[in-house]
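Asker: Sequence:
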Amino acid sequence: MKNIQNIEFHTGSKEELLPDFENEFPYIASRAYLDKYISRSVPWHWHKAMELFYMESGALEYYTPGGKVCFPAGSGGLVNSNVLHATKAISQSEKNIPILHIFDASLLAGEQGGKIEQKYFAPIVTAPQIEILPLFPENAAQKEILKLIREAFRFSGKEFGYEIKLRESLSEIWLLLFEQAAPMLAKGGAYNKSNDKIKLMLIYIHEHYSEKISIPELAAAAYLSERECFRVFHNCLHMTPAEYIKNYRLQIACQMLARGKEPITAVSHACGLGSSSYFGKVFREYAHCTPSEYRERWQDRDI
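Numbered per our numbering, the sequence shown spans residues -1 to 301.
Since the hints were made in silico from the structure, they are not lab data.
Careful, some of the hints might be misleading.
The calculated DMTMM-like cross-link candidates involving lysine to aspartate or glutamate, where the alpha carbons are at most 20 Å apart (straight line), are [as the list claims (entries may be wrong)]:
no. : residue 1 : residue 2
1   : 46        : 194
2   : 117       : 166
3   : 191       : 129
4   : 145       : 226
5   : 93        : 166
6   : 279       : 260
7   : 163       : 226
8   : 185       : 166
9   : 191       : 226
10  : 93        : 59
11  : 46        : 102
12  : 117       : 136
13  : 197       : 241
14  : 145       : 177
15  : 163       : 149
16  : 156       : 20
17  : 117       : 149
18  : 86        : 49
19  : 86        : 129
20  : 145       : 166
21  : 86        : 115
22  : 113       : 54
23  : 197       : 166
24  : 117       : 177
25  : 210       : 194
26  : 210       : 177
27  : 66        : 129
28  : 86        : 54
29  : 113       : 129
30  : 34        : 294
31  : 197       : 20
32  : 46        : 129
Now the in silico label distances, taken between C-beta atoms and shown as ranges [stated by the list, open to error]:
no. : residue 1 : residue 2 : range
33  : 90        : 183       : 36 to 44 Å
34  : 159       : 236       : 41 to 49 Å
35  : 160       : 273       : 54 to 62 Å
36  : 38        : 148       : 44 to 52 Å
C-beta atoms are modelled at their ideal positions from N, C-alpha and C, and glycine is treated no differently.
Please construct the entire structure, taking both the sequences and the accompanying hints into account.
Answerer: Structure (structure tokens):
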């Protein structure tokens, strides 16, 4: 299992870059030390791979366009393929550590278009109403799934038959998850085109954050009117485009302060936040400390 303390993204987008994720065996296991992440949170992102997680300790909030779910220690769940999501550590009394199985559906489903894929995977992967499938130990059936998720981390990549044993374990978990998802699948749900539109606009922001970004330019990136641009941001991220742009620039500023030695003024301009006086004001509101204090605090951390 790989211990991770930050998140990386594909250039020009917010699709998560998954180190060591190989086509020959598309799976990685990781333990995320969220308290060592900048701002103790993971910003909005997505990935094609499934995210099956268990809260080892602490508590975590998962945000999706559909809302927010809190996961205390001992709970867990499944984040569906390509779902836009963000997370935030919320426990102040203990370490916030989720452990994760991240895998492509093909690992268990086999050939695309095959019977297993069509019967047991496509219904969930393509279900717009299933962003997150939460699991809590108060429910007996879900408690058993959580136990299996936790136990599946016991396999070592060095042991004989590792790949087959792991795939067998994850397949058992998936069948049980499929049963849990049945009521949600029965309700049905229409695909929301806003999910594609918000991703196009996020990619535009991530490529142009250092420049001046106007709402007409941002809306045009997703072939939307300005009014529709505001509606999509509100419905998916529950904030305005300007709020997201400012927050993203501040996230970049945090990374630059923690990992580099550029002058504060250079950081503010590189992030598109303008003068050092304005940067200092909005940064204090965001991080509850000055940029210099933030750098001093985080440059001594292993991030």
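Asker: All hints are to be evaluated individually against the structure, with a verdict given for each.
Answerer: Outcome of the hint check:
no.	hint	in the structure
1	46 x 194	holds (13 Å)
2	117 x 166	holds (18 Å)
3	191 x 129	holds (14 Å)
4	145 x 226	violated (44 Å)
5	93 x 166	violated (31 Å)
6	279 x 260	holds (19 Å)
7	163 x 226	violated (48 Å)
8	185 x 166	violated (30 Å)
9	191 x 226	holds (12 Å)
10	93 x 59	holds (14 Å)
11	46 x 102	holds (7 Å)
12	117 x 136	violated (29 Å)
13	197 x 241	holds (16 Å)
14	145 x 177	holds (16 Å)
15	163 x 149	holds (12 Å)
16	156 x 20	holds (17 Å)
17	117 x 149	violated (26 Å)
18	86 x 49	holds (16 Å)
19	86 x 129	holds (17 Å)
20	145 x 166	holds (15 Å)
21	86 x 115	violated (33 Å)
22	113 x 54	violated (35 Å)
23	197 x 166	violated (34 Å)
24	117 x 177	holds (13 Å)
25	210 x 194	violated (23 Å)
26	210 x 177	violated (49 Å)
27	66 x 129	holds (11 Å)
28	86 x 54	holds (15 Å)
29	113 x 129	violated (24 Å)
30	34 x 294	holds (15 Å)
31	197 x 20	violated (24 Å)
32	46 x 129	holds (13 Å)
33	90 x 183: 36 to 44 Å	holds (38 Å)
34	159 x 236: 41 to 49 Å	holds (46 Å)
35	160 x 273: 54 to 62 Å	holds (55 Å)
36	38 x 148: 44 to 52 Å	violated (23 Å)
Of the numbered hints stated above, those contradicted by the structure are hints 4, 5, 7, 8, 12, 17, 21, 22, 23, 25, 26, 29, 31, 36, listed in ascending order.
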